[in-house]
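Colleague: Here is what each chain is made of, one letter per residue.
Protein chains: 4
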Amino acid sequence: MANAEVMRGDDAMRECIDHCMACHRVCLETLADCLKRGSRLAEPGPLRLLMDCVDICETSARFMLRGSNLHSRTCFACAEVCAACATACEELGDEGLMEACADACRSCEESCRGMSGGVMPQPLNPEAAQRFADLPA
Amino acid sequence: MANAEVMRGDDAMRECIDHCMACHRVCLETLADCLKRGSRLAEPGPLRLLMDCVDICETSARFMLRGSNLHSRTCFACAEVCAACATACEELGDEGLMEACADACRSCEESCRGMSGGVMPQPLNPEAAQRFADLPA
Amino acid sequence: MANAEVMRGDDAMRECIDHCMACHRVCLETLADCLKRGSRLAEPGPLRLLMDCVDICETSARFMLRGSNLHSRTCFACAEVCAACATACEELGDEGLMEACADACRSCEESCRGMSGGVMPQPLNPEAAQRFADLPA
Amino acid sequence: MANAEVMRGDDAMRECIDHCMACHRVCLETLADCLKRGSRLAEPGPLRLLMDCVDICETSARFMLRGSNLHSRTCFACAEVCAACATACEELGDEGLMEACADACRSCEESCRGMSGGVMPQPLNPEAAQRFADLPA
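Protein chains in written order, with the numbering used here: chain A, 1 to 137; chain B, 1001 to 1137; chain C, 2001 to 2137; chain D, 3001 to 3137.
Just chain A, with the same shape it has in the complex:
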């Protein structure tokens, strides 16, 4: 590690890995909690987002732990999924693990957004723009 700038980058990555693994864990626990509680917590949208979040957090963490130089791409996807999952949890309110899960997703989103520098959604045409407009949060 040659200089302070690289060290800072390394610290940011380590923190991002921590956020991804914490988010991965709380999403799995929230998923289990939703299934147990049933009712409106078991709606398709949030459950699917929780499963999405588990998988992309895991993949994103693996890329960084492996030292892959394409981690910006998986971090970008992870930030996007975490944002949508956090919004879904926030809308479901304060039952069970929802608040803790939303917090973990927001932290992971912010951290992954920082690691994904340079990757941006860029609507290429009206249809794509509409698709983005329809996406959660």
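You can take every hint at face value.
To list a few chain A residues with every Cβ distance to chain C over 12 Å, as calculated: (1) 13; (2) 18; (3) 110.
Some but not every residue of chain C turned toward chain A, in silico, with C-beta under 8 Å: (4) 2035; (5) 2036; (6) 2044; (7) 2047; (8) 2048.
Please keep in mind that the hints were generated in silico from the structure rather than gathered at the bench.
The beta carbon of each residue, even a glycine, is placed where N, CA and C say it ideally should be.
Using the hints, position chains B, C and D against chain A.
Modeller: Using the frame of chain A, we list chains B, C and D on its own:
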């Protein structure tokens, strides 16, 4: 399924899932083959890219099979990783499973690129631009 | 490949990989279908088993594709989970993808059971001790 | 949580999840370190075992976090893989992360061994009982 346009979208997704799962499989086999053959095939770069490709192909397929509306993000990441992995395999030449792996990666890249409409790498500053310039292919 | 016996073993493994990947796929599709249909299909038990089945099928396939000599352990776990998932799908009846999912799970169970030959849950005797001693350095 | 016994079981599972996730992480880091160092650390056996360990630790943690009652099967497989991976790391000596990785594998092995103790869910009916009776050893 209401009309021909939606059907076409559905067919494209089904085909993309097939490509992701085929690529996931041949990358795992190529990884095993590289380890057995050793020597220059076992260099860090290609092995790491093969592992990356296995993980993102799996995640990308999961998002589509689950009907997640954020699959464009994982497909974008998958297209990028497949492109880099294909290039690495092509450079390693015709030993073992390298050619078959490169082919599977190229097909998966093209298919995922089509599913990722609207997500584009957009260098925000010189440092990020340089980082992209340094990325494989 | 030296002789017919090895060939047969190789064919059985290839078939088992196919079953694991097919089961992995239909379980993910069934999961999505259950979420869409809601009601009793979205009960915690079956959903959790479907998620379990997706994960262990994937891991079991990876072990075999990588040529890992501990695949008997993951195949054993996979056979057990597939059996439970098949039973859950059969009990939920003929709605949606349930029958197709049960069939895929039964095929995968049988195939993985065959690949898990020497697995013992209680390695407390000389034979088992020897097996551990023989594990890859 | 009704009584102390259940609490103890719950604590053991939480600890086991921690061990699986810590082992998953250090194995990924060790894998990256081996690739960077090259030479004898990049032999097929250890690399394959490290990849195996990453995958089964992840799956094992997921089963427990999801509250799956088949976690004893994945914990059993995890204990076996961790044992083999620890031995491989110990034999490779004190270079890089090998010692830390061996330690994490041993802790995870022990913890998973404890969770796989019964390796039996409650047989609910004669058919299930027969199925268990037919299981290997």
